[in-house]
Amino acid sequence: MQRLVLALVLLGFSLLPRLAFADGFIIVTESIVRPPPGHPVYAPLEVTEHHVSVVIDGQVATTTVDQEFYNPAPRVVEGTYFFPVPKDAQIEKFQLEIAGKWTDPELLDAAKARAIYEEIVRKAKDPALLEYAGRRLFKARVFPIEANSKKRIRVSYREVLPLDFGALAYRYPLATEKFSAQPLRNLSIKVEVKSEKGFASVYSPSHPASVKTDEGGKRATVDFSAKDSRASTDFELICTSRAAKPDDVPLTLLTYRETGSTAEEDGYFVLFAAPPGDRGKDTKPAPKDVVFVLDTSGSMSGAKIAQARKALAFCVEHLNEGDRFDLIRFSSDNEALFGKLEEATVARRKRADEFIGGLKAMGGTAIHDALKRALEMKPTEGGRPFVVIFLTDGLANIGPSRNEELLAMTRKTIGDAGGVRLFSFGIGNDVNTHLLDQLAEQTRAYSTYVLPEEDVEIKLSNFFAKITEPVLTDLKLELTNADGARVSQLHPNPLPDLFAGDQLVLVGRFRGKGDAELRLLGKRSGREQVFAAKVSLETPAERNSSREFIPRLWATRRVAFLLDEIRLRGENAETREEVVRIARKFGLVTPYTAHLIIEDEARREVPAARRSLGQLDKDAAARGVVAESYSSFKEKQSGAGAVGDARGQNEAKLATRADEANIAQNAEVFRAAKAAPMTAPKAAAVDRIERYTQQNARFVNGRAFYQNGTQWVDSKVQAKGKNASAAQRIEFNSEAYFALLNKHPEAAPWFALGANVLITLGDTDYEIFE
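The sequence shown begins at 827 in the working numbering and counts up one residue at a time.
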């Protein structure tokens, strides 16, 4: 008896250990090999290569997909190649050589394609292909697929991208991972973007792609590659247009409303603000004042002081013409190079190099007096940006040393005028993370932590290259229209400064409808500046799917902001409840959110079968470790754990990609946890916690689902707690199952999670069971 065998292509990366495929796949009409026990009944072909090349010229995007399949079987097999076609796309070319001839494909409309998907689901008894429901289908017979040989397929299609208030959004469908037995060996995505108007920013909210723009800003190249990878996320790209005037800061606002929400309910937005990075040859950068404050206490000896000297030399070399600066070294006492701000002339740079070269590590750590001396150098007038770059590897042990004393001193010295940016660099693990974070936070700056195995020179040099040319400071955002539109819960908070060549990715909530005026206010060289743009607060239904990243990006930053409030200023019931509500809704699972979610669901008496983190909830040893970790998160200010927490929080607070930030945040927490000495049982519990937090949550099509045993549970069901009504049971693969899917087509990606799903559709809970 012949078996249906699926082979699907994989793209991207994922911490989830599920088998994966991507957009094009082959259905083989006979068994290749019998799968090992516990694996799906499918024995897929291997996918060795997946290369995507995209050219976006104006609003027209041409995508070429090059895939290579490998048949590991010792005999010839026959199959059919399927390629789900993106909405409104037109196939340009199909290349599949069979016995020296090119195969002619067949293009099926969405209705016929859906029938094929459902037929495969019925026969295979697996809902994987429901991910594609609603798309047309490109189909071609593939025979022969020779034994132990490769088959290459190339597809090109063209689509017109909608222009959305100055932004183009491109998506390549990849979030369809299910059944490939082997990770994709080689993956690459290359996008060439052309625009006569030029780009303000080119940004991927889904993948850490590199972006290179030519000097004129009219061409950009985007690259992403991975080896031995598994996928969970579509590749997305957003391109925003440059302003008409070269000194303008273009503003692009994209909004998102949840299905069924009204104008009276808050929506989500992302704002892109990107000043041009290529000022004219005759335009000089705005001058700034910089004071470098370096810890030269005894603990800085060896590699740390050597790297710090090189980093400071780089910063001095890259001061702009017209900048003023000074250097202060401190240990038990402090010493300034000039004692006041001096213009960065060639002669003074040379003196600075000599001063830096003579720095030696010895003595204690008198942070109070060194910072006070640096802050007192701020001019009383002039309006120039004033930046303090503070590097330390230790705790204050001479003079006032309590956090409250040091923070009070900085507030008093800065005064009401403000205008100071104090960027903190913590070197190693013996630093006071609470102090450094709050020093940066209260001056609209940020902190950076350099691990013992990392290079101070690289970290500081990369940072200084980004802030070398300030464009706008003291930013404020306003949204107005006749209906009283407003913005709230902005992140990052407070708004950071804007620098040339950088971009602000700001997320928040908004209320209102219709058209509105968006205004970004700030100071340029001490003068007030206002940049305005006409925006729409409406989200076209057909574009909602391309904006699903917006609410989860907001949620990532919001939860990080709230956790920092707990970490730095103490816990209260309202903050805890908001963290739990947002983290559960958007599938943001770390050891800390997991602890709070478990406590919340126990308090609300959520039935065990419906809880978010069932495995962790039942593991008493692991629960004890996450509770201990949360207490440490709130209390410890220094050490490897505190530094890991601070680094993880920075990843989330400044996130530009939600999935990537969640992965990076967890990596920091577990790196620090595993570095600490612990018993074997506790180490095993930490390993289990890492598995629980990384495997048991998925965010699909705007909803979070949690795996409890064999069942995926919708976060909307969990939010109801013990008051949830009994679910209507629907047998997987039954006529009622497909009838429900036809009634709720938006549920297809959720049903594709598996054969056991507990989900809310409309006002009814449904239990899909196998």
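Where hints are given, some of them may not hold.
To be verified - Using 25 Å as the maximum straight-line C-alpha spacing, the simulated SDA-like pairs for lysine to any residue come out as follows: (1) K1020 with Q1329; (2) K977 with L963; (3) K913 with R980.
Calculated from the structure, these hints are not laboratory results.
Verification of the supplied hints:
Only pairs whose Cα atoms come within 25 Å are accepted, and K1020 paired with Q1329 is accepted, the gap being roughly 19 Å. Under the criterion of a C-alpha separation no larger than 25 Å, the hint pairing K977 with L963 is consistent with the structure, at around 20 Å. In summary, the hint linking K913 to R980 is supported, as the alpha carbons are separated by about 19 Å, within the 25 Å threshold.
Against the hints set out earlier in the document, no violation occurs for any number.
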